[in-house]
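Chain by chain, the residues run as shown.
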Amino acid sequence: MQSRVDTIAAIAQSNTQTINSQGSLWRIGAIARNTFREAVRDRVLYNLVLFVLLLTVAAIFIGELSGGQERKIIVDLGLSAMLLFGVFIAIFVGVGLVYKEIERRTIYAIFSKPVGRGEFLLGKYLGLCLTLLVNVVVMGLGVSLALAYVAKGWDPLILTLWPAVLMIYMELMLITALALLFSSFSSPALSALLTFCIFIIGHFSADLKSLATSLGSTGARLLFGGLYYLLPNLSNYSFITPAAHGRAPAPGFILSTGLYAVVYIAVILTAATLVFSRRNFK
Amino acid sequence: MNRQTLYLSFVLVAGMAVTVLLARSIDARRPPPDPNAIDESLYLNPNTTRRVSLGFNGLVADWYWMRSLQYVGRKILNTPEDVPIDSLSKLNLKLLAPLLDNATTLDPEFYDPYEYAAVVLPAVDLNAAVRIIRKGIDLNPSEWRLYHHLGYIHWQQKDYQAASEMYRRGSQVPGAPQWMGAMVAKMAAEGGSRDTAREIYNRMLEQSADEKVKDMAQRRLMQLESLDHRDILRKLMTEYKTRVGQCPATWKEMLPVLRALRIPVDQTGAPLDPSRVPYQLRAGACEADLDPKSEVLRF
Numbered sequence: 001m002q003s004r005v006d007t008i009a010a011i012a013q014s015n016t017q018t019i020n021s022q023g024s025l026w027r028i029g030a031i032a033r034n035t036f037r038e039a040v041r042d043r044v045l046y047n048l049v050l051f052v053l054l055l056t057v058a059a060i061f062i063g064e065l066s067g068g069q070e071r072k073i074i075v076d077l078g079l080s081a082m083l084l085f086g087v088f089i090a091i092f093v094g095v096g097l098v099y100k101e102i103e104r105r106t107i108y109a110i111f112s113k114p115v116g117r118g119e120f121l122l123g124k125y126l127g128l129c130l131t132l133l134v135n136v137v138v139m140g141l142g143v144s145l146a147l148a149y150v151a152k153g154w155d156p157l158i159l160t161l162w163p164a165v166l167m168i169y170m171e172l173m174l175i176t177a178l179a180l181l182f183s184s185f186s187s188p189a190l191s192a193l194l195t196f197c198i199f200i201i202g203h204f205s206a207d208l209k210s211l212a213t214s215l216g217s218t219g220a221r222l223l224f225g226g227l228y229y230l231l232p233n234l235s236n237y238s239f240i241t242p243a244a245h246g247r248a249p250a251p252g253f254i255l256s257t258g259l260y261a262v263v264y265i266a267v268i269l270t271a272a273t274l275v276f277s278r279r280n281f282k
Numbered sequence: 001m002n003r004q005t006l007y008l009s010f011v012l013v014a015g016m017a018v019t020v021l022l023a024r025s026i027d028a029r030r031p032p033p034d035p036n037a038i039d040e041s042l043y044l045n046p047n048t049t050r051r052v053s054l055g056f057n058g059l060v061a062d063w064y065w066m067r068s069l070q071y072v073g074r075k076i077l078n079t080p081e082d083v084p085i086d087s088l089s090k091l092n093l094k095l096l097a098p099l100l101d102n103a104t105t106l107d108p109e110f111y112d113p114y115e116y117a118a119v120v121l122p123a124v125d126l127n128a129a130v131r132i133i134r135k136g137i138d139l140n141p142s143e144w145r146l147y148h149h150l151g152y153i154h155w156q157q158k159d160y161q162a163a164s165e166m167y168r169r170g171s172q173v174p175g176a177p178q179w180m181g182a183m184v185a186k187m188a189a190e191g192g193s194r195d196t197a198r199e200i201y202n203r204m205l206e207q208s209a210d211e212k213v214k215d216m217a218q219r220r221l222m223q224l225e226s227l228d229h230r231d232i233l234r235k236l237m238t239e240y241k242t243r244v245g246q247c248p249a250t251w252k253e254m255l256p257v258l259r260a261l262r263i264p265v266d267q268t269g270a271p272l273d274p275s276r277v278p279y280q281l282r283a284g285a286c287e288a289d290l291d292p293k294s295e296v297l298r299f
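Top to bottom, those sequences are chains A and B.
Under my numbering, the final residue of the first sequence carries the number 282; numbering is consecutive throughout.
Under my numbering, the final residue of the second sequence carries the number 299; numbering is consecutive throughout.
Incorrect hints may appear among the rest.
Said to hold, decoys possible - If you want the footprint, here are the derived chain B segments under chain A, 3+ residues with CB under 8 Å:
1. 57–63
2. 66–75
3. 102–110
Hints were generated in silico from the structure; no laboratory data involved.
Each residue gets a CB set at the ideal place from its N, CA and C atoms; glycine is no exception.
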């Protein structure tokens, strides 16, 4: 609640300062900062404690179970946990971003100020992305430390795991945008379910494409081909397994997947703004 | 601390203590586990497992890998005799092939399961072992170790031409070590020789990350060394018999020759096997035998 009051106060302050495009950026920043503060106050980052415990136990005991493969398992386990924890945060915090404001009626106070619907959504989105960024960076450092502990010093995998961390972060940004889109028009439970379904289908994209090419019917081919392009291809961001073998994605691939994420997120947030603009908060 | 907190803390501690006691009592009354449960078939085939792993395929592959190690380890522990990991046919390891197949399908670049498939699986299911490593070669044609693993399987089956062909293909992979090339001719010309076996086990000892595989290779090398020792001792005793007219009755009679050849001996003058246990002299037969307590005989 405190962060919502902070948000309204910060926005009010920004309005008195300036009402132009810089003011818009400032308002988005204020909402993002307060969304991040709210996540911290809601103890979202406590998942890091669980993550550190998981890695510590793995680093100490995995050697006895893995037949000399502890380095690979540390990377697989650490990055998979990073993705899993991140997906849970993106979905469960993401679907509540808008809903909580509506439920507690603070949204009326926010929109009584000159704050655009798009600014509000973008600020909320960036705030959660910042929370996820802190999360993945701390987790990445945790995996690096666990690797250094297992290797008893420097390990080349420490360098190659960071591009995979970046890919995981891009996937989480996409999922957060989807959660925000669904939460702009449906209940948190339904939004969480829909986002989780997209997360699953997004990892089956390659199957959708092969299904589209293998089907005889033109209609079915168009449907599955359309779904392949419509839904986010999250398998593009799966670089955990290659990272565990010391392989990093090529810079060109990172750039193109990054561009895909930016464009896709822009489309989703535009759709969310369109839906959200039609809702009456007066 | 008020009285209510004290009461609640007491209930918490006492309740936990009672649940521990109850858990122990339930464990004691539980019927023994079904010995067949460990061999229950895997529900998902490798390709389905790969599809449903949702980007966590590396972690799921690790889980299958650790499960195959636990599966073999548990079977070995439940067997009263000491069995080497390359002769586990008696243990009914019917799940090993699907476990390794799943691990390598989920993460085709995970090379340790291939090595396990080459060393452990042939005694259980030769066709599955060859299939898994062939799949690995198809998916990773530039990984010379996989050709070495398949060559090893063919060598074990005494198919030296096929083994030589595998080493030839492996030696053509960029980055393959020179000894792969040397193995081509060695396999074709003297596949069944001790030298070839020594070369293979030395490379296995050098390349493997798995302690059990290293241990097996080390033991096989000790056995090869012991065969060489016994050949030398037999030759020396035959020469002694030619000179003296009879085989030596004790090792002491052979001591000067053994010392001259720098063959390690114990305080009684008996030559030592590679595990530092003295050889036993079969008097009258000019033969040196391994002591039943020798580590060389363990596998």
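Verification of the hints:
Coverage of the segment 57–63 of chain B by chain A holds [criterion: at least 3 residues with CB-CB distance below 8 Å; count 5]. Only residues whose C-beta sits within less than 8 Å of a C-beta in chain A count toward coverage, and the segment 66–75 of chain B has 3 of them, enough to reach three; the restraint holds. Here's how the segment 102–110 of chain B fares: 3 of its residues keep a CB closer than 8 Å to some CB of chain A, so the rule of at least three is met and the hint holds.
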